[in-house]
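Chain C: place on chain D using the hints.
Residues per chain, in single letters:
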Amino acid sequence: MSVEKYLKPEVINQIKRLDLRAQFVVKGFLHGLHASPFHGFSVEFSEHRKYSHGDDLKDIDWQVYAKTDKYYVKKFESETNITGYLVMDLSKSMGYTYRQTLNKFDYAICLAAALAYLMVSQQDPVGLVTFNEKIRQSLPPKSKRTQLGNVLSLLSNLKPEGTTDFKNSIFQLAAMLRQRSLVMIFSDFLVDEQETLDALYRLRHSGHDVILFHVLDEAEVNFPFSGMCKMKDPETGEELKIDADGFKSDYVKRIAEFRGSLNRDCRRNGIDYVPIDTSMQFDTALLEYLTSRKARG
Amino acid sequence: MSIAHLSLLGVGGALMAIPVLLHFLMKPKPVSMMFPAMRFLQEKHITSRSKMRLRHLLLLLLRCLLILLVAAAFAGPAAATEDFGNWVTLGVVGLVTLLTAFVTSAAWLSDNRNRLLVNILGAITLCLMLFFTWNAWQVFTSSSSGKLIGQNGMPVAAIVLLDNSATMGYRFQNQTRLENAKETASWLVAQFPSDSQVCVVAVDRDTPFFSVDTSAADKRISNIDPTYDAESIPAALARAYKLFDDVEQERKEIYVFSDLTTKSWAAGESNVALKRLAKDETVSTFVIDVGVEQPVNTGLGQLELAEAVISASGELNIGTSITQTGGTETSSKTQRSVRMRVFQPDNTRPAVRDGATVFPDAVQGEKSKIVTLPVTGPGETSGVAVDFSFSDSLAVGTWHGEVEILGADAMPIDNRRYFTFEVSPPNQTLVIHGDDVSPGNLISCIAPRELQDRGKSRFECTAVTQTAFDTATDLSQFAVVYVLDPGPAGDLWGELKNYVESGGRAVVWLGHNALNRGAPDPSFLTDDAVDVLCGKLLFPFRAIEGDVYLSPDGLDHPSLKTFRGIASNVPWSNHPVYYHWGIERDDSWQRFPTEVILQYGNREPALIERAIGAGTMVVMTTPISEPSSSPDREIWNELFLGSPWPAFSLTLDLSKYLADNGGRSLNITVGENAVLQNDLKTFSESYRAFSPVVDKPPTPLTTINGQLNYKFVDAPGNYYLKPQQVGFSDNRGFCANVDTRQTDLTRVTQTELDVVMGEGRYQLARDKNEIEFQQGTSRRGQEFFPLLMLTAIVVMAVEHLLSNRFYKS
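Chains D and C, in that order, give the protein sequences.
Numbered according to my numbering, the first sequence spans residues 516 to 812.
Numbered according to my numbering, the second sequence spans residues 10 to 818.
Chain C with its partners taken away, still in its complex shape:
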């Protein structure tokens, strides 16, 4: 139970004393007169005096009650819950009914019965009784626990949640949605009564807190900028809602300003706090839709770089797509120009001048290209792949570029995507193969002769037999070490383990050479071998019927990226595996992070990745070198027979994945940590990181554990790392793009909104007027003002009737 104006109730109580004082102090002076027939008056005097006192008392009570009711009505009493309010209503209606019934009975029993009056009073009493019965029925059958009600003048504990995700940058009527939301939120905060507690929170994962006052809250609103790594509104709401646990105000309100896009309202995993909020009927929730019902936008999809590291004369292949949202079929079938350009590495830039960062200029000529793409229609996506071929060799180093839709539209954030690639010399790789094993398949995959001849090969292979391999060779000079079907190995596993631990990448294809009388050779069962081979070798699985072949469960791993769009069309079954080694998931799986990348149809692991130290170890349990030229043994698989493109792609992508270990961090999504491998032999130890936000000062970065770790990727663009160590001049860098899901303008449906907020648990508004209306609806709820005023009117009528009756002139 709450009272908005307690002082009014006090004033009412004081005013109630007036009729009492009037009753006792201002009694009317009786008119003195002679009257001979006193005998008859005296006979009736005792009973009449009691009756008169009763009447006076009744009138006094009614008058006091009238004043009290009016004062109470203006004091704005409200119950905490609807249930309680219903009970109070029932009680008051019952009281009024009793009062009316009493008056009706008195009128009925009166000697001077006025039939019309009795009939009217009887009808009113009957109506009140029916209303009381209906009310009682409602109270007893209602399952609702009641919703919060309040009063406009009461302090409020409010959470103002602003959706500042990327789509809020959509411009409509010369105002972004975020600007619109901020303006409305500022207005809203200014409406809150003094002593209100206001928490302004955005979907940028900041810790929610109550501002010291409403002006601080307003300042917080004005400081909210767009975020491109937004959490979902339900998640932000759940965090903020916990603030209500410690507030004193009875009135709690949540205002969510959002454009109601699907990505913002993804329900996500079950959230206990949100479920609690959905059931907490003491909180009034308002969702203010600042979005546009039918947005029209053209956006670029995610950039797909075939390789983030290319050779000096290599080709850069970039794939992207254009998506049209909204608009009419006719208007959308237009051509849009897309410009792709790269920026020349410039060791003097970026630099801070006059407080702003100056970035390198774009390269003109062949490094800038404009292509025209058709936009197919609303909701459809037209893909495009653009290749950059550079006639002259590119300088070794880090290159940045961008792809941009020319021309403006309502939401510019998805009109531009960024990319970063590195130009490096060909990766040196070492291929150690069994004496009877040919490395031909591998070499033709990763370093085909024709590419090598043109200088475009990413890899340069050095092949040695296992026997010829000198264990004293410095493996660290190789980007990747391949071991093909090794035989009894001796110190090879120890060497390999040391190499990987120090950051190297190695791949082992197991084959028949590991066999020793039908079992693994003991040299494959040493501790180092078990660590390097991702487990203990069991025995070769035999499937000569040809019904076992590679059967990937998922295609998330980068080495499987080629198959992602064509998963069902990959002819794995054309390439049966007859033999493969079984690997025991021993305790080494606990000691090292180990993951099965690919498996066979019999659920046994085919390709296993293990992180050892700073490096990566990959083991394939069937060889790449089949078929063997030796007719004396059975063939282990047909991966490279027929049309071997699946095995070819797998091997190449695996090699690129391992070789591009650093390059994987060059193109990230906003919000991710940028982690760059930083070999101090090649690169500076410390850098200054320049954000694409021009007025953001550069951040110093230092190499830790061979890595540069930049945690402040909060805006899309190219990030430049400028070396600070003397003797190093080449910039490094990376780029960050907004996740395409963050720019999806698809609107959430009412049903989806209900799932998150709870059906009927929120009020939807679009502008200030609707907010005020919804506030009024929610806040006033079952205030007792109308009820008390109605009761006061009834009491006044009864008082009038009685006083007229008692004091007939």
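Here chain D stands alone, though its shape is the one from the complex:
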């Protein structure tokens, strides 16, 4: 698959007016608790707010104090460089599609390409990490234009294989990241839910901003099968003979529960969860997500 396939001009046109910002920087998520790691870089005044204990004294606007005899702190809307990591699930299950043009991996690459383009165009460094049982490849984050080509070039040469060990891989990633980053994970998360959450908690605990792109094949969401089917797990090779009609409703219900549960847990922990299936136009899905993220602001 060529690089151009992953990043078509029309997709670029769709997303280029958007940007991707780390939420915690924008919102001052850890404000008052920890010093901003990006202090003094591309700072733009935004508004005043009352001083609270723990604020840096140097941020007190003394002129306001002189006028009002009250402590106000200057609030800044910072535009800073964020380091983004595109974390791609490379397990064999990602190579699955039932009847779509793109399998989950290709679909994830498309998403990743768009995001990489977005970040590079913002001058933000973006890196790439792939994993299955463990981290397989990694590309250090860079904000050069050539980085996009490197990322796509690497991704296009990968083939999903092996099983997934999400927890181990993410723990490994968390250990690798030196600074707070925007971690964008592309996976089908067809692993133990608790292990997934543990891994995400670990990332969040390290202060990273995390976006989960939960990529499922359309067939995995809608279960369009009927009659007797012999299902085979591409990763484990397990086989299961089922009456698809009898399974459908329960399966669909269960997958919805899974996605809902993941969504709730992610939201609770400040993680953006983006459920996507391969029948959706990925640019539309991405645009929708980015728009909503911007709106949240």
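Mixed in with the good hints there might be a few duds.
[To be verified] Partial chain C-side listing against chain D, Cβ under 10 Å, derived:
no.: 1; residue: Pro39
no.: 2; residue: Ser41
no.: 3; residue: Met42
no.: 4; residue: Met43
no.: 5; residue: Ala46
no.: 6; residue: Phe49
no.: 7; residue: His65
no.: 8; residue: Leu66
no.: 9; residue: Arg458
no.: 10; residue: Leu460
no.: 11; residue: Asp462
no.: 12; residue: Lys465
[Unchecked claim] With the C-beta cut set under 8 Å, the calculated list includes, among others, these residues of chain C facing chain D:
no.: 13; residue: Val40
no.: 14; residue: Phe44
no.: 15; residue: Pro45
no.: 16; residue: Met47
no.: 17; residue: Leu50
no.: 18; residue: Gln51
no.: 19; residue: Arg64
no.: 20; residue: Lys690
no.: 21; residue: Glu694
no.: 22; residue: Arg697
Honestly, the hints are just simulated from the structure, not real lab data.
The beta carbon of each residue, even a glycine, is placed where N, CA and C say it ideally should be.
Frame of chain D; chain C shown alone:
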């Protein structure tokens, strides 16, 4: 429970194996495919696998059930009784209701609930529940024990009863009713399934039996001829019905072919078998009406011969009547010609020529007479009395004749009646009277002087006083011996007893001469006297107030025949009886058949008849000779005072009855035994009896105990007895007529039919189509075919729903 096509059920059972085999051997190959989200499938796999197996099993069961139901429906199962059938129906309806309720519940509880489907299923379930409730109510409240049902293909045990009585000879549309019935019965027998048992029975008192096969039954039908001595259909039915006691077939049917005339369906006395049949609901009864709704017929009534024995120059008086049945008032008011004729005695005939009997020719001239009679109207009877007077003396012997309505009508059997009479010399009678008793009354009754002078008297009397009577006199030369008011008798009673025992007839009128100081004379109390006098004399009953007179209870006895039509107008009370002897009903009443012919108003016997040996003894307990010319004693009765015609008729008829002892057998009804007294001194010992049926060979007859007994009187007509003994040439004979009740075309009503067959216990049909329809109604009854097919449709629908649901594409 019966199954018409058991093999189909077997085939169904075998076919049922197909879905089972398909289920196990032809399982669809699953489509192999990769699917990463196996984790979620595995979570549901255990429960879904159980559910899937359950669904497959349910579908398998439904498919098996469907095949079984269709096979069972075509196998034609039927229950033995309606009750059982109702219970089976209830069970099946309950099963279907449960099945539908289950499907409805499943549809209701389903995650992907289809409201329209649930509503439709709910409505169907509700309807089924209502139907089930109604059905259950019917079963629990029904008092019926169920009627037989069957199936058209099952062997049947059938009784085919053909009414072959005289009225079945009624011709309509160029076919007698019997021919019509036989044709339909033959068709019916041909319809019976093979292995059926068929009994063809007629109302001719034959013993019913099952024919070996249907072709034998058909032959039996074709051999049935009309009978003129038919028993009633209920009686024949009761006899035939007993055959069902030993049959194996579950389906039992009775077919009665009849013209539904009243005489054929007379219920008669209570019949246990018929009552059992009326209650036996395992038997289907069909009454096939082959009669004509509004028959039109003119018929002769019974012939009444004033005397069956006349003197050589006597008159023959024949009375008859014409009865019109049906027709319009106008058309019936016509004249009908009736011809009466006698046949000349011919010693050379009858004779058999070319296998057929040739009978004597009818006599022309004065011995044949045609009279024209008006027919008054439907249901009315016009009587006619025709006298034959013969100018020259008739030859002594047996004469035959017939009366016939000229012209044809629908039922010829009652257009002709037959008569036989004998011409004999005057009967010699002996009158023994008490010395102070006059025989005048008796003689004026039985042998009036003017008749004697003209040679037309039936009797010639020899009168002697008791004192003058020689006990050595040969009494056997007298046809009748009369004893008028005898006194102390001595050997008279012994003589009289011997005479009667040897076939003589005697009459004793008791009177005052039997008295001895207010009591019976001892000579009246001897054993012989008691036997001859029909009991022991008690004492004279006295009724001087004049309130005792003759008061007959019944008029059946031939000596009372004159009074039959005028019973209420006979002035018995004008002729009081002041004294009469009382007779004790002693043990002699047990030793001899004794009958009280006539009694007084005080219930004491007046006229007693006793059979002693071959003869007849008659005793009257008051004398015929009153009033006495003696003024010294009281008068015993006034029977011959005033207008004495009742006593006159009684005496004459009694004398004719006794004298015509042989003549009584000359005119009988078909079916009776003909018994002719045959004095070997006068007649041949053996005869050949020629039936009026021309192709029937003559029957040899021999005298036994002084009688000729012919038991085969099965057709109306003149029967000739031709002597076989050398030296005798005179024919004897008799005639037989069909009982007028046998030719009565009055139709039975539905109510009367219900009384015999039981209301609602029979199907009435008129032709083949109706028979088939009624057979269908009765046989199919509550077969389970529709029910099973309905159930199969429901099962098919459920199977379709479930399979669609389980295997959505």
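For each hint, the structure was consulted:
{"no.": "1", "hint": "Pro39", "verdict": "holds (4 Å)"}
{"no.": "2", "hint": "Ser41", "verdict": "holds (5 Å)"}
{"no.": "3", "hint": "Met42", "verdict": "holds (6 Å)"}
{"no.": "4", "hint": "Met43", "verdict": "holds (5 Å)"}
{"no.": "5", "hint": "Ala46", "verdict": "holds (5 Å)"}
{"no.": "6", "hint": "Phe49", "verdict": "holds (5 Å)"}
{"no.": "7", "hint": "His65", "verdict": "holds (8 Å)"}
{"no.": "8", "hint": "Leu66", "verdict": "violated (13 Å)"}
{"no.": "9", "hint": "Arg458", "verdict": "violated (127 Å)"}
{"no.": "10", "hint": "Leu460", "verdict": "violated (120 Å)"}
{"no.": "11", "hint": "Asp462", "verdict": "violated (127 Å)"}
{"no.": "12", "hint": "Lys465", "verdict": "violated (119 Å)"}
{"no.": "13", "hint": "Val40", "verdict": "holds (5 Å)"}
{"no.": "14", "hint": "Phe44", "verdict": "holds (4 Å)"}
{"no.": "15", "hint": "Pro45", "verdict": "holds (3 Å)"}
{"no.": "16", "hint": "Met47", "verdict": "holds (4 Å)"}
{"no.": "17", "hint": "Leu50", "verdict": "holds (6 Å)"}
{"no.": "18", "hint": "Gln51", "verdict": "holds (6 Å)"}
{"no.": "19", "hint": "Arg64", "verdict": "holds (7 Å)"}
{"no.": "20", "hint": "Lys690", "verdict": "violated (115 Å)"}
{"no.": "21", "hint": "Glu694", "verdict": "violated (107 Å)"}
{"no.": "22", "hint": "Arg697", "verdict": "violated (99 Å)"}
The structure does not agree with the numbered hints 8, 9, 10, 11, 12, 20, 21 and 22 stated previously, though it agrees with the rest.
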